[in-house]
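Chemist: Residue numbers (the numbering used here), protein chains in the order written: chain A, 351 to 672; chain B, 366 to 598; chain C, 26 to 309.
A portion of the hints provided could be inaccurate.
[Unchecked claim] Listing some non-contacts, in silico: residues in chain B with all C-beta distances to chain C over 12 angstroms:
| hint | residue |
| --- | --- |
| 1 | 378 |
| 2 | 419 |
| 3 | 468 |
| 4 | 500 |
[To be verified] EDC-like, lysine to aspartate or glutamate: derived pairs with alpha carbons at most 20 angstroms apart:
| hint | chain 1 | residue 1 | chain 2 | residue 2 |
| --- | --- | --- | --- | --- |
| 5 | A | 541 | A | 553 |
| 6 | A | 541 | C | 76 |
| 7 | A | 541 | A | 529 |
| 8 | A | 541 | C | 114 |
Read the hints as simulated data drawn from the structure, not as lab findings.
Nothing here was measured: the structure is a model prediction, and the numbers come from that model.
Here a beta-carbon is modelled for each residue, glycine too, at the ideal position from N, C-alpha and C.
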Amino acid sequence: MAARRSEAWPLAVTVTALVGLPTLVGGSRYLMTLAISMLVVAGYAVAFNLVFGRTGQLFLCLGALAGVAAYGSVLLADVAGVPLPAAIAVGVACSGGIGGLFSWVAVRRRLGVIFLGIVTLAFSLVFTNLLVGGRALTGGETGLLVDATAGSWLRDRVPAYYVLLAVLVGYLLLDRWLERSWLGWAFRALKDDPVAAELAGVDVVRAKVVAGALGSAMLGLMGALFAVHDGFLSPTGFDFGEIDVRVLVVLAVGGVGSSLGPVVGAVVVTAVDELLRPLGQLRLTVYGALLIVVFLRFRQGLVPAARGLGRRFGARRARATP
Amino acid sequence: MLRVDRLDVERGGARVLHAVDLHVGDGEVVALIGSNGAGKTTLLRTVCGLLAPTQGEVTVGGRSVVGVPAFELARRGIRYVPAERRLFPALSVRDNLALGAYPARPTRDRHELVFGLFPRLRERRSQVVGTMSGGEQQMVAIGRALMSSPRLLLLDEPTTGLAPALAEEAYAVIARLRDAGGLTVLLAEQQVHLALEVAARAYVLEGGTVTMDGPSGSLRDEPGVRRAYLGFA
Amino acid sequence: MAVLFDGVAFGLQLSLLAVGLTMIYGLGGVLNLAHGQFAAATAIIGARLIEVGFPVALSVISAVAISAGLAMAVDATLMRPVYRLHGEDRVLSSLLVTLGLAFAIDGLLIRFAPFTLLNLAVPGPAFVLLGVPMRRGVVVAALVAAVVLGVLVLVLRVSRWGRAVRSIIQDEEGATLCGIDPSRMRRSVFALSGALAGLVAVTQGLTAPIGATSGRDLTVLALIVTVVGGLGRVSGALVAGVLLGVVHAVASHTIGAVLTFVLLLLVAIAVILLRPSGIVRSAV
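Next comes chain A alone, as it looks inside the complex:
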């Protein structure tokens, strides 16, 4: 309880800093592009945190879930002529539906973490391959230009930044609100002991399906909004190696299960990613090593670990100066 309350201040500070960011770097296209991709990754991470961190469901199809909504809404808008907001709504609903379906099937068929991981990984690969194969509709590997937002204000970086930031803040508020609702209670019970939780009357199916569907819809909304802002879609943008691994690293750095963690992780990883750009493909190696080290050494992530370290340090200082 105390830990969660103490997160309110850092959260407010972080959000304020993010709101102020464009006044500092708004002039730089390069930095704004980075800032936007940072927000998107943070959004993905908050969503994944809801699914994996809170209910322990290992979805390895984050990119694909974002891609379903992105491709879905763009195709609906551009090919079928559906108004953009409605198209996005449908796309996001599809992502949420698929995620919820995964959760439901996993609970019903009692799939362990390993099987759910493999099924979702397989889905992710199926999705990417269908995108590549369905050239006529999706443009295949070369990608797809978005016509629906051509020339609209969403294409401009600063307004798009604020839209995405608003969505991210919405996610964070939703996350906190969920934590306080019956679902938060169910999540904590589930985490402690799933069997006991079930016996205690926690509706395990509902808690997991809600988390899975909601998290997936959040992934979808972020993906779709980014796509219509960016004006371009391609399979690599939703590839397992591109999205899922980055989000895993973000969550590893930021800490699984905390609210602020994903945002801090996204900031750190985006910055590190830029610094490492000269390394080229070796960045993959750094990410891999980071995943290994973080998961082996700090099982709850770097932010909680650092906080723990700080607390220990503080305690030592307090003892030293009685």
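Could you slot chains B and C onto chain A? The hints should help.
Modeler: Chains B and C in isolation, oriented as in the chain A frame:
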């Protein structure tokens, strides 16, 4: 052979055994009796190295076994036969027995000894263990432990899941092993009348401590034992 | 007919790839998502040794041995904290750690050997098998895979080591009580699986050049075969490998490579949902 001194064992933060003292002489058969949850299995699992004590000492043949991994103790001839048997269900009787001799090659003599004790296993040596009855599986479990010429045999509830006739049969084999000599046995059992028949001495374990011990004959006449374990009012 | 032969030849290699993965899972309850990367690393190391001028056979054998050593080192270092966990926690952390390892290896290989290819093409005219012409490399690859699988099955059946491996897969505590050291057996099996993955790089190199980017696809293929055969089931991996090899050949012939890959993935999903213990009805 086996000496247990002031043994304390905790499981999941709860103390299961407290200040247990016990010894088993060379070639002796000793019974450990007590109700469900008294700590019999915990004691046997500690002696064979599957559990670590929080305090106290366990020595076998004068050497401490505390902190030695279970597979190493098994190689030193300390063989535990758990109540749930822990056989390899998809392997044949012969393969199960052969694994009992690991890492040595299983010898014909040892196979013959086990088949001599359990003629039924000879008939069924190629059968897959998972398809056998509970009584036959118990034979395989004891046979597997005997394949290594053990110094100390730890038997945990060998009559679990057996019909009364089969339970008697199992104990007849234990009696034959005792009479053949050379084998030291510590035996945990809820069917106290059977255990006291085959064992020379017995310890009564209650709530994780030894409450009584002595020769089987005198324990049999002890009013507390008669009431609690032998079904006399 | 030609398609069928091609399928069996490819399937045997799939079995070879999956059998190591499934044994590690059976023994240690861990999944190795860097399995294909061991193969890719073997290919690059082998190709480099050949480039430097070592004889082909020696290069290939050394590369496979290095892969085995690498796998053993991974088991001794990265997997140790993983083995300290139990059940779901163990699987999950093995998944994340080996995923990290997979990306680490991928990054290194693609950075330092982007254009290196292991090409062991066997020259000479095609063999004619039952009236069907078969490329020499394919036939040799299939033979190597078949022989190695045969030896492996035999060793698992009759040797003391093989019996010990099978006993741990069935009941780890029971094996411990027989004097078997599970962690040592795990290490030897991890090394074996590294060697088998390396061998797949060699047999693949016999049929077509194989390079740094092949790791991910091989891992996914191994995962599919392992799941379809049933996690931890050696016989399942053998059967599923050949079966999926044939499916692969027939499908690539009719619906193209992309949809074939999709089909295999869908088969894996279907098996997980309908028969999570795999398609083969046996305990090991």
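Chemist: Classify the label on residue 500 of chain B as holds or violated, using whether its beta-carbon is more than 12 angstroms from each beta-carbon of chain C.
Modeler: holds (18 angstroms)
Chemist: Please work out if residue 541 of chain A and residue 553 of chain A have their alpha carbons no farther apart than 20 angstroms.
Modeler: holds (13 angstroms)
Chemist: Would you mind confirming whether the straight-line C-alpha gap from residue 541 of chain A to residue 76 of chain C stays at or under 20 angstroms?
Modeler: violated (54 angstroms)
Chemist: For residue 378 of chain B, which was marked as not at the interface, is the minimum beta-carbon distance to chain C over 12 angstroms?
Modeler: Fine: 17 angstroms to the nearest Cβ keeps residue 378 of chain B off the interface.
Chemist: Taking the shortest Cβ-to-Cβ distance between residue 468 of chain B and chain C, state whether it exceeds 12 angstroms.
Modeler: violated (6 angstroms)
Chemist: For residue 419 of chain B, is the shortest beta carbon distance to chain C beyond 12 angstroms?
Modeler: holds (20 angstroms)
Chemist: Within a Cα-Cα threshold of 20 angstroms, do residue 541 of chain A and residue 529 of chain A meet the stated pairing?
Modeler: Holds, at about 13 angstroms.
Chemist: Run the distance test for residue 541 of chain A versus residue 114 of chain C: straight-line Cα separation, threshold 20 angstroms.
Modeler: OK: residue 541 of chain A and residue 114 of chain C at ~12 angstroms, within 20 angstroms.
Comparing the model with each numbered hint stated earlier shows that hints 3, 6 do not hold.
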